[in-house]
Amino acid sequence: MPYCGSTIHANDSSEQKGGTPPEVSPMPMKPQMTEIWEPEVEVVVPGKKLGDAPSDAIILFDGTNLDQWTSQKDNTKPAPWKIVDNDHMEVVPGSGGISTKMKFGDCQIHLEFSAPDVVEGESQGRGNSGLFLQNRYELQILDSYNNRTYRNGQAASIYKDEAPLVNAMRSPLEWNTYDIIYRAPRFKEDGRLDTKARITVLHNGVLVQNNTVINGITYYTGLHRYPSAHGDDVISLQDHGNKTQFRNIWLRKL
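Take 1324 as the starting number for the sequence shown in our numbering and just add one per residue.
Calculated from the structure, these hints are not laboratory results. Check before you lean on any hint, since a few could be wrong.
Label-pair distances were calculated between CB atoms; the ranges are [unchecked claim]:
1) Asp1440 with Thr1387: 20 to 28 Å
2) Ser1418 with Glu1497: 21 to 29 Å
3) Thr1544 with Glu1361: 38 to 46 Å
4) Val1407 with Lys1371: 17 to 25 Å
5) Gly1564 with Lys1511: 35 to 43 Å
6) Pro1345 with Asp1513: 26 to 34 Å
Glycine included, C-beta positions come from ideal geometry on N, C-alpha and C.
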(Lines of atoms letter the chains of each structure in order from A and count residues from 1; the text may use other names and numbers.)
(Lines give C-alpha, C1' and ligand atoms only; values in the text may rest on other atoms or scores of the structure.)
Protein backbone atom coordinates (compact mmCIF):
# COMPACT_ATOMS: atom_id res chain seq x y z
CA MET A 1 0.00 0.00 0.00
CA PRO A 2 1.52 3.39 -0.97
CA TYR A 3 2.33 5.95 1.72
CA CYS A 4 -0.17 8.80 2.05
CA GLY A 5 0.94 12.38 1.68
CA SER A 6 0.53 13.20 5.39
CA THR A 7 2.97 10.45 6.36
CA ILE A 8 5.60 11.84 4.00
CA HIS A 9 5.17 15.31 5.46
CA ALA A 10 5.48 13.94 9.02
CA ASN A 11 8.74 12.21 8.16
CA ASP A 12 10.07 15.31 6.45
CA SER A 13 9.20 17.39 9.52
CA SER A 14 10.99 15.04 11.94
CA GLU A 15 14.06 14.98 9.74
CA GLN A 16 14.20 18.78 9.73
CA LYS A 17 13.77 19.01 13.51
CA GLY A 18 16.55 16.57 14.21
CA GLY A 19 18.54 17.48 11.20
CA THR A 20 21.74 18.89 9.91
CA PRO A 21 23.33 21.81 11.71
CA PRO A 22 23.38 25.13 9.84
CA GLU A 23 26.29 25.78 7.53
CA VAL A 24 27.24 28.88 9.50
CA SER A 25 27.07 28.72 13.30
CA PRO A 26 24.93 31.46 14.84
CA MET A 27 27.55 31.75 17.64
CA PRO A 28 31.17 31.13 16.63
CA MET A 29 33.01 28.80 19.01
CA LYS A 30 35.69 30.20 21.25
CA PRO A 31 38.39 28.18 23.07
CA GLN A 32 36.93 29.17 26.46
CA MET A 33 33.61 27.46 25.64
CA THR A 34 35.17 24.01 26.09
CA GLU A 35 37.22 24.80 29.21
CA ILE A 36 35.98 23.31 32.51
CA TRP A 37 37.38 25.10 35.57
CA GLU A 38 35.26 23.87 38.46
CA PRO A 39 35.54 21.86 40.57
CA GLU A 40 39.31 22.00 40.64
CA VAL A 41 41.07 18.61 40.40
CA GLU A 42 42.24 17.37 43.80
CA VAL A 43 45.99 17.39 44.38
CA VAL A 44 47.66 14.09 45.33
CA VAL A 45 51.37 14.11 46.05
CA PRO A 46 53.03 11.10 44.40
CA GLY A 47 55.66 9.01 46.15
CA LYS A 48 59.26 10.14 45.87
CA LYS A 49 60.16 7.08 43.84
CA LEU A 50 58.23 4.48 41.87
CA GLY A 51 56.35 2.18 44.23
CA ASP A 52 56.20 4.65 47.13
CA ALA A 53 52.72 5.40 48.41
CA PRO A 54 51.04 8.63 47.26
CA SER A 55 49.61 11.06 49.80
CA ASP A 56 46.05 9.69 49.64
CA ALA A 57 46.98 6.02 50.07
CA ILE A 58 45.97 3.77 52.94
CA ILE A 59 49.15 2.11 54.21
CA LEU A 60 48.38 -1.56 54.83
CA PHE A 61 51.95 -2.62 55.63
CA ASP A 62 55.15 -0.58 55.89
CA GLY A 63 57.39 -3.18 57.53
CA THR A 64 56.96 -2.03 61.14
CA ASN A 65 53.74 -3.70 62.34
CA LEU A 66 50.69 -5.75 61.35
CA ASP A 67 48.15 -3.40 62.93
CA GLN A 68 46.04 -3.29 59.75
CA TRP A 69 45.67 -7.09 59.63
CA THR A 70 43.97 -9.87 61.58
CA SER A 71 44.04 -13.65 61.60
CA GLN A 72 41.84 -15.07 58.86
CA LYS A 73 40.93 -17.98 61.13
CA ASP A 74 39.67 -15.62 63.84
CA ASN A 75 39.39 -11.92 63.04
CA THR A 76 39.38 -11.06 66.76
CA LYS A 77 43.02 -12.19 66.93
CA PRO A 78 46.14 -10.46 65.57
CA ALA A 79 47.78 -11.54 62.33
CA PRO A 80 50.04 -14.54 63.11
CA TRP A 81 52.77 -13.91 60.52
CA LYS A 82 56.19 -12.63 61.53
CA ILE A 83 57.95 -9.36 60.76
CA VAL A 84 61.56 -9.66 59.63
CA ASP A 85 64.11 -6.87 60.18
CA ASN A 86 61.38 -4.19 60.37
CA ASP A 87 61.30 -4.50 56.60
CA HIS A 88 58.95 -7.27 55.49
CA MET A 89 56.55 -9.91 56.75
CA GLU A 90 56.82 -13.62 56.17
CA VAL A 91 54.13 -16.31 56.12
CA VAL A 92 54.25 -18.65 59.12
CA PRO A 93 53.22 -21.93 57.47
CA GLY A 94 50.22 -23.53 59.11
CA SER A 95 49.15 -20.37 60.92
CA GLY A 96 46.48 -19.46 58.35
CA GLY A 97 45.98 -16.47 56.12
CA ILE A 98 45.63 -12.85 57.16
CA SER A 99 42.95 -10.28 56.29
CA THR A 100 42.71 -6.51 56.41
CA LYS A 101 40.63 -4.96 59.17
CA MET A 102 39.14 -2.54 56.62
CA LYS A 103 36.82 -3.50 53.78
CA PHE A 104 37.22 -2.38 50.19
CA GLY A 105 35.56 -2.43 46.78
CA ASP A 106 37.02 -0.59 43.79
CA CYS A 107 40.67 0.11 44.51
CA GLN A 108 44.26 0.53 43.36
CA ILE A 109 46.73 -1.73 45.17
CA HIS A 110 50.52 -1.83 45.28
CA LEU A 111 52.10 -4.94 46.75
CA GLU A 112 55.64 -6.33 46.76
CA PHE A 113 56.41 -10.01 47.31
CA SER A 114 59.28 -12.46 47.17
CA ALA A 115 59.48 -16.22 47.03
CA PRO A 116 61.38 -17.92 49.88
CA ASP A 117 65.13 -17.49 49.49
CA VAL A 118 65.63 -21.26 49.58
CA VAL A 119 64.02 -22.85 46.54
CA GLU A 120 61.97 -25.89 47.53
CA GLY A 121 59.27 -27.81 45.72
CA GLU A 122 57.94 -27.38 42.21
CA SER A 123 54.83 -26.30 40.36
CA GLN A 124 52.27 -25.09 42.94
CA GLY A 125 54.59 -25.98 45.82
CA ARG A 126 57.01 -23.07 45.30
CA GLY A 127 56.40 -19.70 46.93
CA ASN A 128 52.64 -20.13 46.77
CA SER A 129 50.27 -17.56 48.23
CA GLY A 130 47.45 -15.44 46.86
CA LEU A 131 45.85 -12.02 47.08
CA PHE A 132 42.08 -12.31 47.54
CA LEU A 133 40.09 -9.25 46.54
CA GLN A 134 36.85 -8.82 48.49
CA ASN A 135 37.89 -12.09 50.16
CA ARG A 136 36.68 -14.01 47.07
CA TYR A 137 38.63 -13.38 43.87
CA GLU A 138 42.26 -14.54 43.80
CA LEU A 139 45.24 -13.01 42.06
CA GLN A 140 47.83 -15.78 42.25
CA ILE A 141 51.19 -15.33 43.96
CA LEU A 142 53.71 -18.04 43.08
CA ASP A 143 57.39 -18.54 42.34
CA SER A 144 57.04 -18.87 38.57
CA TYR A 145 60.74 -18.29 37.90
CA ASN A 146 61.90 -21.34 35.91
CA ASN A 147 59.00 -23.24 37.45
CA ARG A 148 56.47 -24.84 35.08
CA THR A 149 52.86 -25.15 36.22
CA TYR A 150 49.41 -24.84 34.65
CA ARG A 151 49.12 -21.51 32.88
CA ASN A 152 46.05 -20.29 34.77
CA GLY A 153 47.75 -21.09 38.06
CA GLN A 154 51.09 -19.34 37.64
CA ALA A 155 52.07 -15.96 39.10
CA ALA A 156 49.75 -13.10 38.07
CA SER A 157 46.97 -15.41 36.92
CA ILE A 158 43.41 -14.94 38.06
CA TYR A 159 43.64 -18.33 39.71
CA LYS A 160 42.01 -21.16 37.73
CA ASP A 161 40.45 -18.47 35.53
CA GLU A 162 42.68 -16.28 33.33
CA ALA A 163 46.40 -16.79 32.60
CA PRO A 164 48.68 -13.74 32.56
CA LEU A 165 49.70 -12.34 29.19
CA VAL A 166 53.38 -13.09 29.97
CA ASN A 167 55.52 -14.49 32.79
CA ALA A 168 57.38 -11.49 34.27
CA MET A 169 58.62 -13.22 37.45
CA ARG A 170 61.98 -12.35 38.99
CA SER A 171 64.30 -14.82 40.73
CA PRO A 172 63.62 -15.93 44.35
CA LEU A 173 66.34 -13.57 45.65
CA GLU A 174 64.59 -10.52 44.15
CA TRP A 175 61.42 -8.63 44.98
CA ASN A 176 58.41 -8.54 42.67
CA THR A 177 55.76 -5.85 42.40
CA TYR A 178 52.06 -6.02 41.61
CA ASP A 179 50.25 -2.82 40.69
CA ILE A 180 46.54 -3.55 40.49
CA ILE A 181 43.43 -1.68 39.39
CA TYR A 182 40.35 -3.54 40.56
CA ARG A 183 36.72 -2.85 39.72
CA ALA A 184 34.34 -4.77 41.96
CA PRO A 185 31.31 -6.61 40.58
CA ARG A 186 27.94 -4.86 40.56
CA PHE A 187 24.67 -6.48 41.57
CA LYS A 188 21.07 -5.55 40.81
CA GLU A 189 18.61 -4.64 43.56
CA ASP A 190 17.18 -8.17 43.45
CA GLY A 191 20.65 -9.66 44.06
CA ARG A 192 21.35 -10.83 40.51
CA LEU A 193 24.73 -10.07 38.94
CA ASP A 194 24.76 -6.89 36.88
CA THR A 195 28.43 -6.59 35.81
CA LYS A 196 31.38 -8.88 36.56
CA ALA A 197 34.54 -7.73 38.32
CA ARG A 198 37.46 -6.55 36.19
CA ILE A 199 41.16 -6.30 36.94
CA THR A 200 44.27 -4.76 35.40
CA VAL A 201 47.65 -5.93 36.72
CA LEU A 202 51.23 -4.83 36.08
CA HIS A 203 53.78 -7.39 37.28
CA ASN A 204 57.20 -5.77 37.69
CA GLY A 205 55.98 -2.97 35.43
CA VAL A 206 54.80 -5.36 32.70
CA LEU A 207 51.10 -5.46 31.79
CA VAL A 208 49.91 -9.02 32.49
CA GLN A 209 46.13 -8.59 32.97
CA ASN A 210 44.51 -5.99 30.70
CA ASN A 211 41.08 -5.04 32.05
CA THR A 212 40.45 -8.77 32.45
CA VAL A 213 36.99 -10.04 33.35
CA ILE A 214 36.92 -12.12 36.55
CA ASN A 215 34.45 -14.92 35.93
CA GLY A 216 33.53 -15.60 39.53
CA ILE A 217 34.62 -16.60 43.00
CA THR A 218 37.87 -18.59 43.07
CA TYR A 219 37.50 -22.36 43.43
CA TYR A 220 40.25 -24.96 43.37
CA THR A 221 37.81 -27.52 41.96
CA GLY A 222 34.94 -26.70 39.64
CA LEU A 223 33.89 -23.82 37.43
CA HIS A 224 33.94 -20.31 38.78
CA ARG A 225 30.65 -18.52 39.35
CA TYR A 226 29.45 -15.46 41.20
CA PRO A 227 28.18 -15.77 44.76
CA SER A 228 25.14 -13.98 46.10
CA ALA A 229 25.24 -10.19 46.07
CA HIS A 230 27.86 -8.60 48.32
CA GLY A 231 29.47 -5.26 48.98
CA ASP A 232 32.91 -4.17 50.11
CA ASP A 233 34.93 -6.80 51.92
CA VAL A 234 38.38 -7.52 53.31
CA ILE A 235 41.53 -8.21 51.31
CA SER A 236 43.26 -11.45 52.27
CA LEU A 237 46.71 -12.98 51.83
CA GLN A 238 46.91 -16.76 51.73
CA ASP A 239 48.97 -19.18 53.81
CA HIS A 240 49.73 -22.00 51.35
CA GLY A 241 52.49 -23.59 53.41
CA ASN A 242 55.38 -21.57 51.92
CA LYS A 243 57.43 -18.80 53.59
CA THR A 244 56.44 -16.19 51.04
CA GLN A 245 57.44 -12.64 51.95
CA PHE A 246 55.61 -9.31 51.56
CA ARG A 247 56.45 -5.65 51.94
CA ASN A 248 55.24 -2.14 50.96
CA ILE A 249 51.51 -2.77 50.64
CA TRP A 250 49.27 0.24 50.11
CA LEU A 251 45.86 0.92 48.64
CA ARG A 252 43.82 3.79 47.21
CA LYS A 253 40.04 3.64 47.19
CA LEU A 254 38.59 4.42 43.77
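Comparing the hints with the structure gives:
no.	hint	verdict
1	Asp1440 with Thr1387: 20 to 28 Å	holds (22 Å)
2	Ser1418 with Glu1497: 21 to 29 Å	holds (25 Å)
3	Thr1544 with Glu1361: 38 to 46 Å	violated (54 Å)
4	Val1407 with Lys1371: 17 to 25 Å	holds (24 Å)
5	Gly1564 with Lys1511: 35 to 43 Å	holds (39 Å)
6	Pro1345 with Asp1513: 26 to 34 Å	violated (48 Å)
In summary, the structure is inconsistent with hints 3 and 6 from the numbered list given earlier, while agreeing with the others.
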